[in-house]
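Chains A and B, in that order, are what the protein sequence lines are. First residue of the first sequence: 0, per numbering that gives the first Met the number 0; consecutive thereafter. First residue of the second sequence: 0, per numbering that gives the first Met the number 0; consecutive thereafter.
Hints were generated in silico from the structure; no laboratory data involved. All C-beta atoms, glycine included, are put in the ideal place defined by N, C-alpha and C. Treat the hints with care, since some could be wrong.
[What the hints assert, rightly or not] Computed cross-link-like contacts, DSS-like style, restricted to lysine-lysine with a CA-CA straight-line distance of at most 25 Å: (1) B:Lys604 <-> B:Lys615; (2) B:Lys470 <-> B:Lys401; (3) B:Lys639 <-> B:Lys628; (4) B:Lys615 <-> B:Lys628; (5) A:Lys297 <-> B:Lys639; (6) B:Lys403 <-> B:Lys470; (7) B:Lys470 <-> B:Lys405; (8) A:Lys297 <-> B:Lys628; (9) B:Lys635 <-> A:Lys297.
[Said to hold, decoys possible] Covered by chain A, according to a simulated footprint, are these stretches of chain B (three or more residues, beta-carbon under 8 Å): (10) 129 to 142; (11) 617 to 631; (12) 655 to 665.
[Said to hold, decoys possible] Here are a few chain A residues that sit away from chain B, every Cβ distance over 12 Å (derived from the structure): (13) Met26; (14) Leu43; (15) Gln228; (16) Ser354; (17) Glu355; (18) Ile387; (19) Met435.
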Amino acid sequence: MPIEFPVLNFVAVGPMLAVTITAFLVMFIELFVEDKRILGYISLVGLAVAAVLSFSLMGAFAAPAFQTMVISDGYALFLNLIFIIAAALSILISLSYLGERELQHGEYYALLLFATVGMMLMGAATDLMIVFMGLEIMSIALYILAAFNRQQLGSGEAGMKYFVLGAFASAFFLYGVALVYGATGSTNLQEIGSWFSVDRGNLGDPIALVGLGLLLVGFAFKIAAVPFQWWTPDVYHGSPTSVTAFMSVGAKAAGFASLVRVLMVSFNEAFTIDWQLALAVLAVITMTVGNIAALAQKDVKRMLAYSSIAHAGYILVGVVPASMIGVRAVLFYLFSYTFMNIGAFAVIAILERRSEVGSSIQDYAGLASRSPFLAGMMLLFMVSLTGIPPFIGFWGKLYVFWAAVQADMSWLAVIGMINSAISAFYYLGVVVQMYMRPVAADEDGVEAPAFKLTGPIMVTLVVTAIVTVVFGIWPTPLFNLASLAAFG
Amino acid sequence: MTQLIWLTIALPILGLLINGLFGRRFLGNRVVSIIAPLMVLLAFLVGVGAFFETMGRDGEAVTVHLWNWTTIGDFSVPINLLVDPLSLTMVLVVTGVGFLIHVYATDYMVHRDDHGHAHDDRDFPRFFTFLNLFIASMLVLVLGDNYLMMYVGWELVGVSSYLLIGYWFDRPSEEQTPIDLGPDTEPVQLQPLLSPAASGMKAFIVNRIGDVGFALGVFLIWSTFGTLQFDEVFAEAVHVSETMPTVIPWITALLFVGAIGKSAQLPLYVWLPDAMAGPTPVSALIHAATMVTAGVYMIVRSNILYSLAPNVSLWIAIIGMATAFFAATIALVQVDLKRVLAYSTVSQLGYMFAAVGVGAYTAGMFHLVTHAFFKALLFLGAGSVMHALHDVIDIRRMGGLKDKMKITWITFWIGGLALAGFPLMSGFFSKDEILAHVFEASPILWFFGILTAGMTAFYTFRAIFIAFHGKPRDHHLYEHAHENRAPITFALSVLAVLAIFGGLLGLPAFMGFTHYLDGWLEHVLYELPHGAEEHHMSVTMEYILMGTSAVIAVGGIALAYFFYMVQPSIPQNIARSLRSLFALLAHKYWIDELYDTLFVQPGLKLSNAFANGLDKLIIDETFIDGSAKLVGRFGKLLSKLENGYTSNYALATFIGVLIMISYFFLR
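Given only the sequences and the hints, what does the whole structure look like? Please build it.
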C-alpha cells in the first residue's frame, strides 16, 4: 500500500509564514529591548517581506497547498496586500498613538501581526475549517487589542462586548459549517460546490441551505452588516483608535474575502438565486441603517463606525451580482476603503483627547485655522468617503454600482446612490465644523485638545492621502491589478 | 523629443506645484520668478526638439499614448497626445511667447517704490502658479488627440483666465474721466470700469454660454461617430455627411458657438475688453496671443468637418468679418490704451475667423502666429508704459514718452506697424493673405475687411501718437517715467524681432517665394475627395489686392499722423459735430447695457424669484429640511436602539439569525 504524503507547499503560504515568524520574533525580542517602538519597526519589516513575497507570487501559478486547504491565487494575494497595508498603516499610527498614552507594549504588535495572519488565512482558505481557523485567529487577537487600553473603562467594555458577541457569532458560523458538512459530506469549498452540481436535487437540500444561512450570519457579523452590526459602534468607539483603524478595514476585508470565495466557489451557479436576494436585502438595510444612524452621531469615531457599516452595505452591492465584474469591484473597493478610512482614523487619533474615549465633533470646530494641513487631510478623506471624484472612493462606488447595473439590478445601484447622497450630509458635517465654525471651548470651558504631529503618523497621513488622490485621478493601474486578481 | 512631448505639460504642472505649495512659505519671490519661466522655457525646448523631429518625418503625425484614464464598460478614455504640425505650431507659440511673457512678468509683477526698492508681495507666487497653470491647460487643449481632452483643456484655460483676470480681486471698480470735447460741448461721460473680480466673473460666465454649445457639439460627435478621437472622427466624416447630411452642420455650428465665446466674437465678445482688468502679462498671454485663439485652432483642427459644412463656414466668415469691423470702430475712440488693444484683438480674431470661414485655414493659422507676436508685443509695451507710470493707462495723461522710454517706444512702433499691416512687416503678409482669400470668396466681405484694415492702422497710430509723441500732458507722471528693467526690455526686443520677421513663415507664393506654413500644415488639412475645383485668381489680381492693402495701411497711419500730430483740432471737431455717433462708439454701442437689460436683469429677477419662492419655501423648507428632519429623527431612534447592553445586542442578533434561517428554510 503506497503511503501518500501530504502535499505541502510552503511557498504558497510564504507571506503568512513571514508575518507569523515576525510575530514570534517580536514577542521574543520584547524581552530584551527597553524602547518598544523598535518592535513596531521590526513588524513593519516583517510586513514588507510578506508584501514582497505576495507580489512575487502574484504572476505565478495559482497553487493550492496543504491538501487543498489553502490556495495562493491572485485573489488571495491581492487581499494579502490589503491586509499588509492595513496592518502597516495601523502600526504607524500606533507608534505615535500608543506612545502618547503609555501603552507601548510588545504584545500589541505581536497581536496585530497574528490578527493579520488570521486575515490572510481567511483570504486564502479553500476549506471551511481553515476559514474558521483564520476567523478565530483574527478575532481573538482583535478582542484583546480592543481592550488594550486597560486604564480606560471604554476600552475594556469594547473588548468584552466584542468577545461575547463575537463568540456568539462564531458559534453560529461553526454550526453552519457543521450543517453544510452534514449535508454535503465535505468541508472543502470545491467539493461542496461539486456536490451541488452532481445532483440538481441537492440544490434544495434544507440542511445545506440553513447551513449557508448560518455561514452568512457569521460573515455578516464580521463585516458588520445589519442586523448583526450591534457591536460595531461600541467596539469602534471604545477601542484604541489605532486598533479601530485596523479592524474597520482589515476585519471587514477578511470577512468579505472569505464570504466572496465561499459564495463563488461553493454556492455558485443555480444556487445563487437564494443568497442573492438575501444579500441584496442585507445590503439595502445595511447601507440605509448605517447612513441614517451616522447622521445622528455627535462623536466622529462613532460616526465613522456607522459609516463603516454603510460601506459594508455598498460592498455587498458588489457581491450580490455573483459576477467576476462584481468581485473585481469588491476588491477595488476594499483597497480604496483601506486607505481613505485609515487616513480618517489617523486624523482622529491625532485629535483625540488623552483622557477621553472617542472624539467629539466639537473638537473639529475651526480646525482649518489651527492646522490647515490636518483639516485639508480630513477634508480629502471625507470627500473621498462620500464618493466624490476625483478621489479613489468615487471609483470604488462607481465599480460596485456598475457591477449591479450589469447584472440587471439597477435598483440596487440606485438605492446605493441615494445612500451616498445621504452620507454626504454627515461627512461634510465634519468639513463644515473644520472650515466654517470658530474654534470653540466646549461646555466645560475646556479648550480644544492640543495635538502634535509625529513622524510615523505623518507617514500614514501622507501615504493614504497620496493613494487617495493618485488612484483617484488615475485608477487604471489599480483597476488592472484588481482585474488580474479577480479574473486570474 | 516627440515621445517626451508630455513633458511640455508636465513641466509647467511641476512649476505650479512647486510654486503653489512652497512658493509663499519657503522659496521666496526670487526663486519663484526663476522656476516659473524656467519650466516654460524647458517646455519650449522640448517643443523645439519635437518640431525638428516632425520636420524630419516630413510632418507626419505621431500619437503618443500615455495611459488609459478609465474604462467603464465600452467607454474608455485613452490619454493620448497628438504631435503633428498643427499642434506643434500651437505648442511653440504658447511656450515661446509664454516664456517671454513669464520673463517679462518677473519684473512687471514686482511693485517698486520711487527708489527702486521692491515691495514684499506675498501674492507674487500665486500669480506664477496660475500662469504656469494656464500654460499647462493650454497645452492640454492643443495636444489632446480627441475632443474630450480638447474640452478639458478648453475649460481649464477658462479657469486659469478667470483666476488671472481676478488676480487683484481686492481692487475696486474705477471711475473714468469723461471725454472732453471742447469748450461749448457737453463732455461724453464714460461708465466706470468693472472691478477685476467682477471682470473675472463676467469672462467666466460669458464663456460658459459658449461652452454649452461646445459641450453639446462634443456630445453630438460622440453620439454620431461613437468616438471622440480626431483621426477616427475625421476618417468617418465624409461618409457621415453623405448618410446624415444635417448632422455635420449641427456639430460644426455648436462647436463654433464655443469658439464665439472663447475667441470673443459677436455677440459674446463683451468679456474680453473687461478682461483687461487683469495684470498686463495676462492680457498679453491669454487674452491676445494664445487662449483667445483656441477657437481658431479648434476650427483648423476640425477643418474637414467645416469643409463639409459650407453654409456654417460661410456664416463663420460673415460673423468673423462683422466682428472685425465692429470692434475696430469701437477701438477708434477708446482712451484706455489696453482697451484699444483689446478691441483690436477682437477685431484681429475676426480676421482669423473670416479666413477659416472661407476655407483659408493656413492663412488663419498664419495670422494667429503673427498676431501672437505683434499683439503680445503691443500689450507688453502698454504694460511697460503702465509700469513706468504707476498703473496709469489712460492715453490722455501720457504724451511725449518716446524720450523717456526709448526701447518701449521703438518696439511699440514695430508692433504697431505689424498690426497696421505696414508693408513687409509680419502682419502685412498674414493679413493680406486673409484678405486675398476673402476676396476670392466674396468681394463684399473683402470690402469690409479692407475698411477694417484702414481703421486698424488709424487707431493703432492714434494711440501711438497720443501716448509717445507730442508734448507730455501730465507733467508729474512724465517726470517720473523711466525705461524699465532688463526682463521687460528683453521680452519686448525679442518679440519685436519676431513681429518684424514673422512674415517669413508665409511669404506670398504668387511672388515666387516659398510659403513654409503651407507646406508645414499640408498634412493636417484634409482634401475633400470631390472638393471644389481649384480656381486661382490671377497674379495681377493678387498684386492689386496687396497694393491696396499697403496703400490703406500707409494711408491709415498717415491720417492718424495728420489728425494727432499736425492738426490735433480736427479729431475733436469731428467728434463735436458727430457727437451722438462719437458717444455711441465711446459707449461701445451700449451693448453691455443692452445685455444687462435684456438678459442680466431679467435673469436676476427670475433667479431671485426661484431662490426666494420656489427654492426657499417649497424645496428647502418642505422637502429638504422636512426630509432631513425626518431622517434625522429616524437616526436618533436607531442610535437609541444601540443602548450599550450586550444582552440586547445578543437578542437582536439572534432575531437576525432566526430571520435568516427562516428565509433559507421556507424559501
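Evaluated hints:
1. A hinted pair counts as satisfied when its Cα atoms are at most 25 Å apart, and Lys604 (chain B) with Lys615 (chain B) qualifies at roughly 15 Å.
2. Between Lys470 (chain B) and Lys401 (chain B) the alpha-carbon distance is near 10 Å, which keeps this suggested pair within the 25 Å criterion.
3. Simply put, Lys639 (chain B) and Lys628 (chain B) have alpha-carbon atoms about 16 Å apart, close enough for the 25 Å limit, and the pair holds.
4. A distance of roughly 16 Å separates the Cα atoms of Lys615 (chain B) and Lys628 (chain B); the hinted pair therefore holds under the 25 Å criterion.
5. With a CA separation close to 13 Å, the supplied pair Lys297 (chain A) and Lys639 (chain B) stays within the 25 Å bound.
6. For the hint pairing Lys403 (chain B) with Lys470 (chain B), the CA-to-CA distance comes to about 12 Å; that is within 25 Å, so the pair holds.
7. Between Lys470 (chain B) and Lys405 (chain B) the alpha-carbon distance is near 16 Å, which keeps this suggested pair within the 25 Å criterion.
8. Distance hint between Lys297 (chain A) and Lys628 (chain B) is fulfilled; the C-alpha atoms sit about 16 Å from each other, no more than 25 Å.
9. For the suggested pair Lys635 (chain B) and Lys297 (chain A), the alpha carbons sit about 11 Å apart, so the restraint of at most 25 Å is met.
10. For the region 129 to 142 of chain B, the proposed coverage by chain A is not satisfied: 0 residues have a C-beta within less than 8 Å of a C-beta in that chain, short of the threshold of three.
11. Coverage of the region 617 to 631 of chain B by chain A holds. Counting CB-CB distances below 8 Å, 3 residues qualify, and the rule asks for three or more.
12. Counting residues of the region 655 to 665 of chain B whose C-beta sits closer than 8 Å to any C-beta of chain A gives 8, which meets the bar of three, so the coverage hint holds.
13. The non-interface label for Met26 (chain A) is consistent with chain B: the shortest C-beta to C-beta separation is roughly 31 Å, beyond 12 Å.
14. With a least beta-carbon separation of about 28 Å from chain B, Leu43 (chain A) lies farther than 12 Å from that chain, consistent with its non-interface assignment.
15. Look at Gln228 (chain A): its CB is around 9 Å from the nearest CB on chain B, not clear of 12 Å, so calling it non-interface is violated.
16. Look at Ser354 (chain A): its CB is around 20 Å from the nearest CB on chain B, clear of 12 Å, so calling it non-interface holds up.
17. Residue-level check passed: Glu355 (chain A) sits 17 Å from the nearest beta carbon of chain B, beyond 12 Å.
18. Against the 12 Å criterion, Ile387 (chain A) stays outside the reach of chain B, whose nearest CB is about 16 Å from its own CB.
19. Against chain B, the non-interface label of Met435 (chain A) holds: every CB pair exceeds 12 Å, the least being about 18 Å.
Checked against the numbered hints given earlier, the structure breaks hints 10 and 15 and satisfies all the rest.
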